[in-house]
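Using the hints, position chain B against chain U.
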Amino acid sequence: MIGFLTLLEKEFLRFWKVAFQTVAAPVLTALLYLLIFGHVLDDHVQVHGVRYTSFLIPGLVMMQVLQNAFANSSSSLIQAKITGSIVFVLLPPIPYSAFFAAYVLAAVLRGMMVGLGVLLATVWFVDLKIVAPLWIMAFAMLGGGLFGALGMIAGIWSEKFDQLASFQNFLIMPLTMLSGVFYSIYTLPAFWQGVSHYNPVFYMIDGFRYGFFGVSDVAPETSLLVVVACFAVVSWGTLSLLKRGWKLRA
Amino acid sequence: MLPAVSIVDVVKRFGTLQALAGVSLDIGQGEFFGLLGPNGAGKTTLISSLAGLVRPDSGTIQVMGHDVIRDFREARRLLGVVPQELVFDPFFNVRETLRIQSGYFGIRKNDDWIDEILANLDLTGKADVNMRRLSGGMKRRVLVAQALVHKPPVIVLDEPTAGVDVELRQGLWQFIRRLNGEGHTIILTTHYLEEAEALCNRIALMKQGRVVALDTTANLMAAHPGASLEEVFVRTLQS
Chain U
1 MIGFLTLLEK EFLRFWKVAF QTVAAPVLTA LLYLLIFGHV LDDHVQVHGV RYTSFLIPGL
61 VMMQVLQNAF ANSSSSLIQA KITGSIVFVL LPPIPYSAFF AAYVLAAVLR GMMVGLGVLL
121 ATVWFVDLKI VAPLWIMAFA MLGGGLFGAL GMIAGIWSEK FDQLASFQNF LIMPLTMLSG
181 VFYSIYTLPA FWQGVSHYNP VFYMIDGFRY GFFGVSDVAP ETSLLVVVAC FAVVSWGTLS
241 LLKRGWKLRA
Chain B
1001 MLPAVSIVDV VKRFGTLQAL AGVSLDIGQG EFFGLLGPNG AGKTTLISSL AGLVRPDSGT
1061 IQVMGHDVIR DFREARRLLG VVPQELVFDP FFNVRETLRI QSGYFGIRKN DDWIDEILAN
1121 LDLTGKADVN MRRLSGGMKR RVLVAQALVH KPPVIVLDEP TAGVDVELRQ GLWQFIRRLN
1181 GEGHTIILTT HYLEEAEALC NRIALMKQGR VVALDTTANL MAAHPGASLE EVFVRTLQS
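Chains as they are written, first to last, in the working numbering: chain U, 1 to 250; chain B, 1001 to 1239.
For reference, chain U alone in the conformation it holds in the complex (with noise of 0.2 Å):
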């Protein structure tokens, strides 16, 4: 336990000390997003009958709760393989499961950190109401999980850099772009409806702004239900990689 709880504090303090770069640059990214939507889009569009800044907000907040928990995980193991200091949490005897338990937590603790934040800079816009608590926390910790374990894969697996770019530019980044941080895939043609509903990110963003409106484009519990899956198919791949030591023992 104590080996975990290092482990996860470590993980914590390694984004706390750069915190400048880690929380609060993603805050001001989140900002200006909302600046410049809201103020071309405020007047024009409404979503759900809520005002369109307002719509956005929740979809901003969780878009940077997953990349920001994908970022944390990725980037701590690459940097650790990539100057060897790996070693040092390869050698003690840290079971795989407090290992992956101890990155997840802590992606997930820089996520929800990056999304208060958010929350707290962006609410002072519009007049923000929380419906549903415990379905945001329980949407924000899943898909702050989800997005730290893949960056444990995507950690795992690149051996340099681009390769972890690529991973985040070429999969991360669509996958949270067109999830409807931005708009209602209602508001989409039917083709791209259908194809919103295979991208698990939707229905995290979809869950995630049910807490604050008590609308959404599918039932809360069916989005609940899809990211849980998601996630424990992923941890589950996570832990089985770990277990092989894949690509960190040889």
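Some hints here could point you the wrong way.
[As the list claims (entries may be wrong)] Only pairs whose alpha carbons sit at most 25 Å apart, straight line, appear in this in silico SDA-like list of lysine to any residue: (1) LYS247(U) <-> ARG1073(B); (2) LYS243(U) <-> ARG1133(B); (3) LYS247(U) <-> ARG1133(B); (4) LYS17(U) <-> ARG1055(B); (5) LYS81(U) <-> GLY1125(B); (6) LYS17(U) <-> ARG1073(B); (7) LYS17(U) <-> LYS1109(B); (8) LYS17(U) <-> GLY1106(B); (9) LYS1139(B) <-> PHE12(U); (10) LYS17(U) <-> ALA1218(B); (11) LYS1109(B) <-> GLN79(U); (12) LYS247(U) <-> PRO1090(B); (13) LYS1139(B) <-> LYS243(U); (14) LYS1139(B) <-> PRO93(U); (15) LYS17(U) <-> LYS1139(B); (16) LYS129(U) <-> LYS81(U); (17) LYS1151(B) <-> GLY84(U); (18) LYS247(U) <-> LEU1017(B); (19) LYS243(U) <-> GLY1065(B); (20) LYS247(U) <-> LYS1109(B); (21) LYS1139(B) <-> SER75(U).
To be clear, the hints were calculated from the coordinates, so they are not data collected in a lab.
Frame of chain U, contents of chain B only:
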């Protein structure tokens, strides 16, 4: 008495390269053991297998009777490894690094022992300095300190004095000798053969993934009267 390390018929291939071709040897508790050989002989692969960083294709390795694969938690708890590469985590200072490493081994509130290690490795003045700001020699000392935070009975030093100045080398060996005197088993790989000759009770010479000589330092030297360990080393490898 159980051997500190027992290696039985360990084989490891990396693609077409046979890194270890059936290595067997026992290292007794309290020994100061030298593992020597030219580059590519398999020393680091053997040490990495012992540390659980490399998984052998076949054979078994035990630390104080604990299998490094099946009973890895206990085996790793008994082992302290100083890696060959000069690696460090740039986010932390020296004391934080050592506290974190203690925690990984399940030890909280280890500051008394950390202070003792820092003093013995002449690092007390650098305790609050970030790892990035240390010289190569200082970083090497921190690596040694990290391997010792959990007071392991078996300490593996993989070329610990590479690129280290004479003063530190002497201080380091004084400290390691003291640990050996207190009962810690020391396994050393080094290219400085005079160090091995002066420190090790027993030596294994490796070549192309095999142990080609294994004896006490005195016997190895006696077999080649008047020769230095370097000459013994060269003659053995050539034969």
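Evaluated hints:
At most 25 Å may separate the alpha-carbon atoms for a hinted pair to count; LYS247(U) and ARG1073(B) meet this at roughly 20 Å. With a C-alpha separation of about 36 Å, the suggested pairing of LYS243(U) with ARG1133(B) is violated against the 25 Å cut-off. Restraint check: the Cα-Cα separation between LYS247(U) and ARG1133(B) comes to about 30 Å, which exceeds 25 Å; the hinted pair is violated. Proposed proximity of LYS17(U) and ARG1055(B) is contradicted: the alpha carbons are some 35 Å apart, above 25 Å.
Proposed proximity of LYS81(U) and GLY1125(B) is contradicted: the alpha carbons are some 29 Å apart, above 25 Å. With a CA separation close to 31 Å, the supplied pair LYS17(U) and ARG1073(B) exceeds the 25 Å bound. At roughly 22 Å between alpha-carbon atoms, LYS17(U) and LYS1109(B) fall within 25 Å of each other, so this suggested pair holds. With a C-alpha separation of about 24 Å, the suggested pairing of LYS17(U) with GLY1106(B) holds against the 25 Å cut-off.
Between the alpha carbons of LYS1139(B) and PHE12(U) the distance comes to roughly 24 Å, so the proposed pair stays at or under 25 Å and holds. Our distance criterion of 25 Å between C-alpha atoms is broken by LYS17(U) and ALA1218(B), whose separation comes to about 53 Å. At roughly 28 Å between alpha-carbon atoms, LYS1109(B) and GLN79(U) are farther apart than 25 Å, so this suggested pair is violated. A C-alpha spacing of about 23 Å is found between LYS247(U) and PRO1090(B), which places the hinted pair at or below 25 Å, so the restraint holds.
Restraint check: the Cα-Cα separation between LYS1139(B) and LYS243(U) comes to about 31 Å, which exceeds 25 Å; the hinted pair is violated. The straight-line distance between the Cα atoms of LYS1139(B) and PRO93(U) is roughly 23 Å, inside the 25 Å bound, and the hint therefore holds. Proximity of LYS17(U) to LYS1139(B) is assessed by CA-CA distance (about 21 Å); at most 25 Å being required, the pair is judged to hold. For the suggested pair LYS129(U) and LYS81(U), the alpha carbons sit about 44 Å apart, so the restraint of at most 25 Å is broken.
For the hint linking LYS1151(B) to GLY84(U), the alpha-carbon distance of about 23 Å falls within 25 Å, and the restraint holds. For the hint pairing LYS247(U) with LEU1017(B), the CA-to-CA distance comes to about 18 Å; that is within 25 Å, so the pair holds. At most 25 Å may separate the alpha-carbon atoms for a hinted pair to count; LYS243(U) and GLY1065(B) meet this at roughly 23 Å. Using a Cα cut-off of 25 Å, the hinted pair LYS247(U) and LYS1109(B) is violated, with the two alpha carbons roughly 33 Å apart.
A distance of roughly 23 Å separates the Cα atoms of LYS1139(B) and SER75(U); the hinted pair therefore holds under the 25 Å criterion.
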